[in-house]
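Novice: Sequence:
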Amino acid sequence: MKMKRIIWVGGTLVLLLLIAFTVLSVNGERMFRLRSSARKQWKAKALGEIVERIKDTRGLSNELTHLRAEMGTDVESGWIGTNLLVMTNGEWLLYRNKCVKEAEHIHDLFLARGSDGKWYYSTFHFCIGMSTLRGDMFGRSRPGSIAEFTQAYSAPEFDGHSDDGLKKTWPFKNWQTNLISQPRQ
Numbered sequence: 009m010k011m012k013r014i015i016w017v018g019g020t021l022v023l024l025l026l027i028a029f030t031v032l033s034v035n036g037e038r039m040f041r042l043r044s045s046a047r048k049q050w051k052a053k054a055l056g057e058i059v060e061r062i063k064d065t066r067g068l069s070n071e072l073t074h075l076r077a078e079m080g081t082d083v084e085s086g087w088i089g090t091n092l093l094v095m096t097n098g099e100w101l102l103y104r105n106k107c108v109k110e111a112e113h114i115h116d117l118f119l120a121r122g123s124d125g126k127w128y129y130s131t132f133h134f135c136i137g138m139s140t141l142r143g144d145m146f147g148r149s150r151p152g153s154i155a156e157f158t159q160a161y162s163a164p165e166f167d168g169h170s171d172d173g174l175k176k177t178w179p180f181k182n183w184q185t186n187l188i189s190q191p192r193q
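This note's numbering runs 8 ahead of the 1-based position in the sequence shown.
Simulated from the structure, these hints should not be mistaken for lab results.
Please note: incorrect hints may appear among the correct ones.
As the list claims (entries may be wrong) - Taking lysine-lysine and the DSBU-like style, the derived pairs with C-alpha atoms no more than 35 Å apart in a straight line are:
id: 1; residue 1: Lys63; residue 2: Lys48
id: 2; residue 1: Lys126; residue 2: Lys53
id: 3; residue 1: Lys12; residue 2: Lys109
id: 4; residue 1: Lys126; residue 2: Lys109
Because the structure is a prediction, the values reported are computed rather than measured.
All chains should be modelled from the sequences, with the hints used to inform the complete structure.
Specialist: Structure, rendered in structure tokens:
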């Protein structure tokens, strides 16, 4: 009787340890994906590209002019340019986005510098070519402002260089409600 009890208790402990190990290894894998060296390298390169693009004021101005003209004819996606998003109030985000479908070893990452001079990041899955923003996906159309965009797509500010820009921002609890319930400006 005593031997059966020892085996039962020992077996239960082994099973609990296996469950704990599995949970920790799965969560550790996710954390590793967010802070992988490939993702850090992509982030550094993307931030440099954004800084260089901001310096090209003529090119940026030309693309803004082009997008503003296109917004009148293409309401669904005319606000989405080549790495540039224009809000209805005229604010813009110059961005780089990496979708996990483009490179499996790099988890989704969106980095942007706004016309307000601030840096933003998100792990929202915008998909390849920002296709999530095209049309009226998730019951939303073009955001009215940077503030509305960052709230809807879970894109907090960061300092533009630290690894804070690698942290998970999405999904969060009730994200679908957050996207759909944003007031229109």
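Novice: With the threshold set at 35 Å, check whether the alpha-carbon distance from Lys126 to Lys53 stays at or below it.
Specialist: holds, 18 Å
Novice: Mind checking the alpha carbons of Lys126 and Lys109 for me, to see if they're no more than 35 Å apart?
Specialist: holds, 28 Å
Novice: Within 35 Å, alpha carbon to alpha carbon, are Lys12 and Lys109?
Specialist: violated, 51 Å
Novice: Taken at face value, is the distance from the CA of Lys48 to the CA of Lys63 at most 35 Å?
Specialist: holds, 23 Å
In terms of the numbered hints stated before, the structure departs from hint 3 and from no other.
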